[in-house]
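Both chains are given apart, each in its own frame, so use the hints to dock them into the complex.
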Amino acid sequence: MIKVTNLSKRFGSKLAVDDLSFEVGKGEVLGFLGPNGAGKSTTMRMITGFIEPSAGSISVGGIDILKDPIRAKAKIGYLPENAPLYRDMTVVGFLKFVADLRGLTGGAKSQAVDKALETCFLEPVRHQSVDTLSKGYRHRTCLAQSILHDPEILILDEPTDGLDPNQKREVRNLIKRLGETRTVIFSTHILEEVEAACTRAIVIDHGHLVADGTPTELKSTGQSGRSLRVRIAGRHGGELVRELKSVEGISAVESVEEGTDYLVGRIRPGRNVGPYALAEAVSDYCHVNGLRIQEISREEGRLDEVFEGLTS
Amino acid sequence: MLALRNIWSIYKREMKAFFLSPIAYVIVIAFVFLAMLLCFWLGNILDSGDSSLSYSFFPYALIIMSMLAPAVAMRLWSDEHRDGTIELLLTMPAEPWHAIFGKFLAACSVWILALALCFPIVMTISYLGDPDPGPIWGGFLGAFFHAAACIAITMAVSAFTRSQVTCLIIAWAICLPLTFLGFPPLIPGMKDILGETGTTLLQSISPMKYALEMGKGFIRFSDVLLFVSICTVGLLITSIAIRARRA
Numbered sequence: 001m002i003k004v005t006n007l008s009k010r011f012g013s014k015l016a017v018d019d020l021s022f023e024v025g026k027g028e029v030l031g032f033l034g035p036n037g038a039g040k041s042t043t044m045r046m047i048t049g050f051i052e053p054s055a056g057s058i059s060v061g062g063i064d065i066l067k068d069p070i071r072a073k074a075k076i077g078y079l080p081e082n083a084p085l086y087r088d089m090t091v092v093g094f095l096k097f098v099a100d101l102r103g104l105t106g107g108a109k110s111q112a113v114d115k116a117l118e119t120c121f122l123e124p125v126r127h128q129s130v131d132t133l134s135k136g137y138r139h140r141t142c143l144a145q146s147i148l149h150d151p152e153i154l155i156l157d158e159p160t161d162g163l164d165p166n167q168k169r170e171v172r173n174l175i176k177r178l179g180e181t182r183t184v185i186f187s188t189h190i191l192e193e194v195e196a197a198c199t200r201a202i203v204i205d206h207g208h209l210v211a212d213g214t215p216t217e218l219k220s221t222g223q224s225g226r227s228l229r230v231r232i233a234g235r236h237g238g239e240l241v242r243e244l245k246s247v248e249g250i251s252a253v254e255s256v257e258e259g260t261d262y263l264v265g266r267i268r269p270g271r272n273v274g275p276y277a278l279a280e281a282v283s284d285y286c287h288v289n290g291l292r293i294q295e296i297s298r299e300e301g302r303l304d305e306v307f308e309g310l311t312s
Numbered sequence: 001m002l003a004l005r006n007i008w009s010i011y012k013r014e015m016k017a018f019f020l021s022p023i024a025y026v027i028v029i030a031f032v033f034l035a036m037l038l039c040f041w042l043g044n045i046l047d048s049g050d051s052s053l054s055y056s057f058f059p060y061a062l063i064i065m066s067m068l069a070p071a072v073a074m075r076l077w078s079d080e081h082r083d084g085t086i087e088l089l090l091t092m093p094a095e096p097w098h099a100i101f102g103k104f105l106a107a108c109s110v111w112i113l114a115l116a117l118c119f120p121i122v123m124t125i126s127y128l129g130d131p132d133p134g135p136i137w138g139g140f141l142g143a144f145f146h147a148a149a150c151i152a153i154t155m156a157v158s159a160f161t162r163s164q165v166t167c168l169i170i171a172w173a174i175c176l177p178l179t180f181l182g183f184p185p186l187i188p189g190m191k192d193i194l195g196e197t198g199t200t201l202l203q204s205i206s207p208m209k210y211a212l213e214m215g216k217g218f219i220r221f222s223d224v225l226l227f228v229s230i231c232t233v234g235l236l237i238t239s240i241a242i243r244a245r246r247a
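Listed in order, the protein sequences are those of chains B and E.
Each residue of the first sequence is one higher than the one before, starting from 1 at the first, in this note's numbering.
Each residue of the second sequence is one higher than the one before, starting from 1 at the first, in this note's numbering.
You may find that some hints are simply not true.
[As the list claims (entries may be wrong)] Computed list of chain B residues with no C-beta within reach of chain E, every gap over 10 Å:
(1) K73
(2) G107
(3) D114
(4) E118
(5) T132
(6) Y137
(7) K168
(8) L191
(9) S220
(10) G238
(11) V273
(12) A281
[Claimed, not checked] So the derived label-pair ranges between C-beta atoms look like this:
(13) E:P185 - B:S54: 46 to 56 Å
(14) E:M1 - B:E118: 44 to 54 Å
(15) B:G162 - E:R220: 29 to 39 Å
(16) E:G198 - B:K135: 55 to 65 Å
(17) E:S48 - B:A108: 57 to 67 Å
(18) B:S54 - E:P188: 52 to 62 Å
(19) E:A244 - B:R169: 38 to 48 Å
(20) B:R169 - E:F33: 54 to 64 Å
[Unchecked claim] Rough simulated footprint, nothing fancy, chain E against chain B, three-plus residues with beta-carbon under 8 Å:
(21) 49-62
(22) 91-98
What the hints contain is simulated information worked out from the structure, not anything from laboratory work.
Glycine residues also receive a C-beta, built at the ideal position from the N, C-alpha and C atoms.
Here chain E stands alone, though its shape is the one from the complex (with noise of 0.2 Å):
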């Protein structure tokens, strides 16, 4: 009762802090704007005959967020040891991991809206074509894990650093050769590269793969218990560096 009371409040109040700055309108209008020029002009929808939007949509869009989401997600513990907030808030009758998911629901949330945006697209490709509805489920559901996890790697590193750039920088470090390690376009290539073993190895630690897989409407245990395992990761770490840099 009293951990959901101190979520809900940090949530409210990380809520307030995205939309009472122009942060999260521009980060969210980016993203919707990015993610549908890149759908029609190298996604090609209008000529591919892709329905389910896997190969159209959400490679591009998983891109554009894994570039976008370490900037949501950037300042949620750097500005609060920036700040000395950090003082007042683990001194408060709160447990440090009831701000910590407080936080991480709050920035998840902003890419709940992000991607509800995107519904043009599929209003799109349901007026062109007659989709099955399953698999771009499926892809909205692994763009938004896809999107936690970006989330979670960036929280962790913020709490390392009270600046919100170097912040920024270390996390586009991590998510982004993550991210195009999956990245369909660019497959042929490695495999030239790296043989047909070696891309499937490195294809197999790129949540991306994992994304779209969900958006081929297979929707396997593993691969939640994979974007799961790593949220966990991400705010475990976080608590670590926190409870370090008290110690």
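Here chain B stands alone, though its shape is the one from the complex (with noise of 0.2 Å):
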């Protein structure tokens, strides 16, 4: 559904955005990650035709947004970062006002505008003026707009920021729910979100990608992700924490529970070694020196730390 190719975007001296390629398909929500300026609004703002990339194409439901932009754009919801509103309009007659834009008219326009403000919960405030609703409502109010021409194709801009944990949880769940049906590309700093609500994640840095996979496979990358969580009986734990460590392709070994006869631990893989690998070398170690493996599990991985050692 989106197919960016190459893109770069070049601001003056900075590139903002460098030699970017990926792909989102239909019914993924793709997290988008990275710190501050790393280039996620910059790649969201050209997938929406905002702004033109300096090189690259990008590809929209099948039509590329330079050459074609009005239909392009027709197939796009997008929020964009800080949920801009025209605060002189009620919300009602904001979202009938992009609705005109969006080519909705007569009944189709006032069946639209209800949903969006039922889906996004603004019945309350639906005539108030944009420039007296609070931060919360503000921000849905921009992201009704997003979704009122029901787009194959949505592209959010932290839509969680400034809500509070009920509405974040609120709009979460929106998300997911939108995206079993289209493609969705959200940006966040927010790490429990993308586990919460992505099949898909990529994480840029400095324009770059980064990284590219599924929160788990992302997860299990890290350090955490590919450690062992084992009980090992036949020596006293103390002596076991000492001798594991010798052992190559381990870098490190922390004990939760040493016993006169068994320990408990996590065991943390050198570098390039990867989960099986290390599992194979526990298990040729113990089975050699006659110790028995009584619990041996992968590490939950932890996407900040995977997140920290991608962007630092």
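Right, here's the structure in full:
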């Protein structure tokens, strides 16, 4: 649905986006991760046709946004960063204006406006002026305009920014639900959000793509995600810690519980050692030295650790 | 069809924005009041015997207009930049020129209303004398073109800045001197300083000169073309500024 090929954007001497390529299909919710200033908003602005790329191409639903911007834009619903709104309008007036520009008329227009108001929980403020709304309502008003025309593609730039925890959860659930039948890209720097709502995530830093995968895949690339939790019996716990540390492929052993005849602990892999190689190294060592593995499992990875490793 | 629909949607929004806030009312009332006041006071309409309004009313009205027309148009793009709504507007399935045109027409409509509300002066002159309607209609047409030119200039300035105040000051700096160069009461003084040729030359760059020509009852194609060109250039610069900010 969205295909970004060798996309670059230069502002003066600064390269904001550098040769970025990725694809997002239907039914995918793509989390767009990266530190502030990594080029997330710039990329989204190029996909939505707001700014022109310096190089590269963007195809939206099979249409090149640079060659046929009107048809491509008609397929996209966009929530810009900071959720801008016309402050002199009422919520319903604003949505009707957007519906006009989206080509909705008559019954279809009022139906779409009512549905968007309902989906984004805006009923209580429908006749209120945008100027008097709280930040949460403003944000949802802008979100409502993005889904008004039931777009195939949704691009949401920090959709949960400035919302309270309940609203954040509601918006996340909404994104998840919308993503079942559409293509969604949303940017965030809240990592739990990626785990909660995304089917896939990409991480960009300094305009480069540094990682691409499902949240689980990404998590497994961090040191935690490659570590093992074990219970090994046959010797004193403290002794086992010392012994295991010297095994090739193991960088560290953290003890959780040390018994006279066993050890419960975490085994960290060395550089470039995968979780399977690590498990083999541990089991080989135990086999040769007459130790018994009573429990072995892979640690749950941590996205923040992966993020830190990729972007710092 | 798409273009018309988009222009109409943006026109409606801008009209609502003008008339839901006090700005349009304040400007229209201020214009009508000041134009009438100057017409009776400095224009001396009751003693001048000017039934075409081209000496007693229009020159003063156009001066007031060149101060107030930028105040109508200053928010057109600077607000979009300041509030970030330009990002919404330009990611809708509409061309930038649809938005530019819709906004321009809305600001022009405010001035059609302002000029229409000057009808008491026409009624007064009709009651007092037996005016020829041609020059009066021509004068109003000229005044409308003059307003449109001021709006186009201001709109181009507003596309470059996010501050309404900056936009207003720059637009005044362009519109006011241009208007004053064609202001009839200043012409004898200009001739003393610059001579006949210099004055004619300077006058020829003032839109007011051409607007007042229409008030004499001659609607020349070249004069209309001049105003259309000023507006076109203003809108083109707006479009270039918007494109440049997105590049």
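Here is what the structure says about each hint:
1. The Cβ of K73 of chain B sits about 4 Å from the closest Cβ of chain E, inside the 10 Å cut-off, so the non-interface label is violated.
2. Even its closest Cβ contact with chain E, about 17 Å, leaves G107 of chain B beyond 10 Å, as expected for a residue assigned away from the interface.
3. Distance check for D114 of chain B against chain E: the nearest CB is about 19 Å away, which clears 10 Å, and the non-interface claim stands.
4. Distance check on E118 of chain B: its Cβ is at least 21 Å (rounded) from any Cβ of chain E, clearing the 10 Å threshold; non-interface status holds.
5. At roughly 13 Å from the closest C-beta of chain E, the C-beta of T132 of chain B stays outside 10 Å, upholding its exclusion from the interface.
6. Distance to chain E confirms Y137 of chain B as a non-interface residue, since its nearest Cβ pair spans about 16 Å, more than 10 Å.
7. At roughly 22 Å from the closest C-beta of chain E, the C-beta of K168 of chain B stays outside 10 Å, upholding its exclusion from the interface.
8. For L191 of chain B, the requirement that its beta carbon stay farther than 10 Å from each beta carbon of chain E is met, with the minimum near 26 Å.
9. For S220 of chain B, the non-interface assignment is confirmed: its Cβ lies about 36 Å from the closest Cβ of chain E, beyond the 10 Å cut-off.
10. Look at G238 of chain B: its CB is around 61 Å from the nearest CB on chain E, clear of 10 Å, so calling it non-interface holds up.
11. Remark: the non-interface label on V273 of chain B is consistent with the geometry, its nearest Cβ contact in chain E lying 46 Å away (cut-off 10 Å).
12. Separation of A281 of chain B from chain E is adequate, the least Cβ-Cβ distance of about 53 Å exceeding the 10 Å criterion.
13. For the pair P185 of chain E and S54 of chain B, the beta carbons lie near 55 Å from each other, so the given range of 46 to 56 Å is met.
14. The beta-carbon spacing between M1 of chain E and E118 of chain B, approximately 31 Å, falls outside the hinted interval of 44 to 54 Å.
15. For G162 of chain B paired with R220 of chain E, a C-beta distance near 58 Å fails the hint of 29 to 39 Å.
16. Judged by the Cβ atoms, the range 55 to 65 Å given for G198 of chain E and K135 of chain B holds: they are separated by roughly 59 Å.
17. Between S48 of chain E and A108 of chain B, the C-beta spacing of about 60 Å keeps the proposed range 57 to 67 Å intact.
18. For the pair S54 of chain B and P188 of chain E, the beta carbons lie near 58 Å from each other, so the given range of 52 to 62 Å is met.
19. A C-beta distance of roughly 41 Å is found between A244 of chain E and R169 of chain B, which places it inside the suggested range of 38 to 48 Å.
20. Taking the beta carbon of each, R169 of chain B and F33 of chain E are about 56 Å apart, inside 54 to 64 Å as hinted.
21. For a cut-off of 8 Å, the count of residues in the region 49-62 of chain B with a CB near a CB of chain E stands at 4, and the three-residue condition holds.
22. Against chain E, the region 91-98 of chain B contributes 3 residues with a C-beta closer than 8 Å to a partner C-beta. That satisfies the three-residue criterion, and the hint holds.
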